[in-house]
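Could you build the full structure based on these sequences and the hints that come with them?
Residue-level listing of the chains:
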Amino acid sequence: MTKASKKEQQHFERLLRKHRPNPPVLRNTVTAFITGGTITALAQLVMNFFLARGVKPLEATAFTSAVMIFAGSFLTAIGVYDLIGRWGGMGAALPITGFANAVVSPALEYKREGYVLGLGAKMFVVAGPVIVFGVVTAFVVSLLRLLLWGVG
Amino acid sequence: MARKRIGRSTLSFAGRPVIVATAAVAGPDEGKGPLGGEFDDVKKDRLLGNKSWEKAEAQLLTEVITIVMGKANLDQSQVDLLAAGDLLNQIISADFTAREFTIPFLGLFGACSTMAESLIVAAMAVDGGYADNVVAAASSHFDTAERQFRYPIEHGTQRHPTTQWTATGAGAALVSSMGRGPVITAATIGAVVDYNQKNINDMGAAMAPAAADTIARHLQGTGRRPEDYDLIVTGDLAAVGLPVAADMLKEQGLDLGARFGDCGLMLYDHEKQDVHAGGSGCACSALVFCAHIHRLLQRGQYRRVLLVGTGALFSPTSAQQGESIPGIAHAVEIEAGEVEAGEVKAGEVKAEEVKAGEVKAEEGNP
Numbered sequence: 001m002t003k004a005s006k007k008e009q010q011h012f013e014r015l016l017r018k019h020r021p022n023p024p025v026l027r028n029t030v031t032a033f034i035t036g037g038t039i040t041a042l043a044q045l046v047m048n049f050f051l052a053r054g055v056k057p058l059e060a061t062a063f064t065s066a067v068m069i070f071a072g073s074f075l076t077a078i079g080v081y082d083l084i085g086r087w088g089g090m091g092a093a094l095p096i097t098g099f100a101n102a103v104v105s106p107a108l109e110y111k112r113e114g115y116v117l118g119l120g121a122k123m124f125v126v127a128g129p130v131i132v133f134g135v136v137t138a139f140v141v142s143l144l145r146l147l148l149w150g151v152g
Numbered sequence: 001m002a003r004k005r006i007g008r009s010t011l012s013f014a015g016r017p018v019i020v021a022t023a024a025v026a027g028p029d030e031g032k033g034p035l036g037g038e039f040d041d042v043k044k045d046r047l048l049g050n051k052s053w054e055k056a057e058a059q060l061l062t063e064v065i066t067i068v069m070g071k072a073n074l075d076q077s078q079v080d081l082l083a084a085g086d087l088l089n090q091i092i093s094a095d096f097t098a099r100e101f102t103i104p105f106l107g108l109f110g111a112c113s114t115m116a117e118s119l120i121v122a123a124m125a126v127d128g129g130y131a132d133n134v135v136a137a138a139s140s141h142f143d144t145a146e147r148q149f150r151y152p153i154e155h156g157t158q159r160h161p162t163t164q165w166t167a168t169g170a171g172a173a174l175v176s177s178m179g180r181g182p183v184i185t186a187a188t189i190g191a192v193v194d195y196n197q198k199n200i201n202d203m204g205a206a207m208a209p210a211a212a213d214t215i216a217r218h219l220q221g222t223g224r225r226p227e228d229y230d231l232i233v234t235g236d237l238a239a240v241g242l243p244v245a246a247d248m249l250k251e252q253g254l255d256l257g258a259r260f261g262d263c264g265l266m267l268y269d270h271e272k273q274d275v276h277a278g279g280s281g282c283a284c285s286a287l288v289f290c291a292h293i294h295r296l297l298q299r300g301q302y303r304r305v306l307l308v309g310t311g312a313l314f315s316p317t318s319a320q321q322g323e324s325i326p327g328i329a330h331a332v333e334i335e336a337g338e339v340e341a342g343e344v345k346a347g348e349v350k351a352e353e354v355k356a357g358e359v360k361a362e363e364g365n366p
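Protein sequence lines, in the order shown, are assigned to chains Z and E.
Here the first sequence stands for residues 1 to 152, where the numbers follow my numbering.
Here the second sequence stands for residues 1 to 366, where the numbers follow my numbering.
If you're looking for bench data, these hints aren't it; they were derived computationally from the structure.
Misleading hints may appear alongside valid ones.
Said to hold, decoys possible - Taking lysine-lysine and the DSSO-like style, the derived pairs with C-alpha atoms no more than 27 Å apart in a straight line are:
#1 K18/Z - K272/E
#2 K122/Z - K55/E
#3 K122/Z - K111/Z
#4 K6/Z - K250/E
#5 K32/E - K55/E
#6 K18/Z - K3/Z
#7 K51/E - K111/Z
#8 K272/E - K32/E
#9 K18/Z - K6/Z
#10 K44/E - K55/E
#11 K250/E - K18/Z
#12 K3/Z - K198/E
#13 K71/E - K32/E
#14 K250/E - K3/Z
#15 K198/E - K18/Z
#16 K55/E - K71/E
#17 K198/E - K6/Z
#18 K198/E - K7/Z
#19 K44/E - K71/E
#20 K32/E - K44/E
#21 K111/Z - K55/E
#22 K32/E - K51/E
#23 K7/Z - K18/Z
#24 K198/E - K250/E
#25 K250/E - K7/Z
#26 K122/Z - K198/E
#27 K122/Z - K51/E
#28 K44/E - K272/E
#29 K111/Z - K44/E
Claimed, not checked - Looking from chain E toward chain Z, a few residues come up when the C-beta cut is under 7 Å (computed):
#30 P152
#31 T157
#32 Q158
#33 H160
#34 D194
#35 V240
#36 P243
Backbone N, C-alpha and C fix where the C-beta goes; we use that ideal spot for every residue, glycine too.
Now the structure itself:
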């Protein structure tokens, strides 16, 4: 009998609670705030740069996204973004630079297994679910809007 | 009837298989740790000029086996068996390493307990009279493990404080029927123990019950007390698993005290190196045992050590399907040998050998 009984498991969980450290939530919140804040402030600077040169606001957001995606990808490629992510946690993962990191890092990693079955097949191994459920959510929300308020 | 068994699951090696030589090749982070000066080689980077991490890991294992045979002055034609394993799917590091040699090969998987497992297989082969020289080896690599079990290397994620750092490196021990060196006197093969742990970021917790179970059964089988050992060292329970295992043993009336340690807490400098709960991986216990503990046994600073390799038996698939993480632990008892081991022929059973060498534990626990 090597599968512990319910009672043994409960007792073990009590032992474990005594020794298991809690994640440093306050520290993680602060570093995430600083990291996410810095990235988005930089993005705002980029956007202001485009706006100042007469680019239309809607186009300026697209340009800004492209610049930030490039920055995230570039920092991933030179091996810096994982360090930012380790320190900044969600603050580094949530902005579009984090999304770029989630796509570029598997692309780099699995290139060794070839361009088709490696890079091609596994590029979205991390970001794939975000895209799938992002699209599904967008569809559901649009459908609800259509049903409630109709077209227009 | 199995004549070489004592107790329900403990094996006694009356033929006194000797660990005549060990070798350890470490990665850069392991080299920066407190044992850095004790490795045979420390690599400057984790790729070693290869095109993939997997190739680098196989190279580490190949190099360490070559070094250990050189230290024992043996050619590969004189080695009867290679018992080796690693963490990767289909143990490819060991497979591709074995391809480099003409030595008969047994591939082993015991997750991070592989070094202890390979030592047991080696001791059984030698004591059973099936081999004169066996190489027992294990390897792991931070990046190969990371990409198999977690995320791509460059993916920026925050680690939980209970996560462990997979050691990069390889260790090998040459177990012989004759020669000088520390002697493997007994071993306990662990049973799989499952306390329904599901957190893949806390391997120490998943393995702690198995370690406690194996240690208790080993002490029961050999009739020894914790005081009979200078060091009882687990493979990679780390900062969470070790105190939990200690508590579980205390509840059974076994107080291991300060002699209870963990390779995962010995390999890195926890002040300066960001390894969270500690080291893990096959290389963790392989490096610490082959570079450090074996040397202290050779010098007689340790008289008797119990090495308890610990493994978390899961795959990314099993974890994603919601399976729990069962643990396993194998214990190997090693004594500083003063007798020429060749004097006792391999295969001869002498019951009194098991009691040989009663020493005080206070003699030094550096």
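**Asked** Given the hinted pair K18/Z and K6/Z, is their alpha-carbon gap at most 27 Å?
**Response** Satisfied, since the Cα-Cα distance of roughly 19 Å is no more than 27 Å.
**Message:** For K18/Z and K272/E, compute the direct alpha-carbon distance and say whether it is at most 27 Å.
**Reply:** Between K18/Z and K272/E the Cα gap is close to 25 Å, so the pair holds against 27 Å.
**Request:** Would you mind confirming whether the straight-line C-alpha gap from K198/E to K18/Z stays at or under 27 Å?
**Result:** Holds, at about 18 Å.
**Asked** Are K111/Z and K55/E close enough, with their CA atoms no more than 27 Å apart?
**Response** Distance of about 15 Å is within 27 Å: holds.
**Message:** Between the alpha carbons of K7/Z and K18/Z, is the straight-line distance 27 Å or under?
**Reply:** With Cα atoms ~17 Å apart, K7/Z and K18/Z stay inside 27 Å; holds.
**Request:** Starting from K250/E, check that the Cα of K3/Z is at most 27 Å away, please.
**Result:** 21 Å, holds
**Prompt:** Does K250/E lie within 27 Å of K6/Z when you go C-alpha to C-alpha?
**Reply:** 21 Å, holds
**Prompt:** Does the alpha-carbon distance linking K51/E and K111/Z stay inside the 27 Å limit?
**Reply:** Status holds; Cα separation ~11 Å.
**Request:** Would you settle whether the hint for D194/E is holds or violated, based on the nearest Cβ-Cβ distance to chain Z being less than 7 Å?
**Result:** 5 Å, holds
**Prompt:** Does the structure keep K272/E and K32/E at a Cα separation of 27 Å or less?
**Reply:** Holds - the C-alpha atoms of K32/E and K272/E are around 10 Å apart, at most 27 Å.
**Asked** Hey, K55/E versus K71/E, does the alpha-carbon distance stay inside 27 Å?
**Response** Distance of about 24 Å is within 27 Å: holds.
**Message:** Tell me if the straight-line CA distance from K32/E to K51/E falls inside 27 Å.
**Reply:** 24 Å, holds
Checked against the numbered hints listed earlier, the structure breaks none of them; every hint is satisfied.
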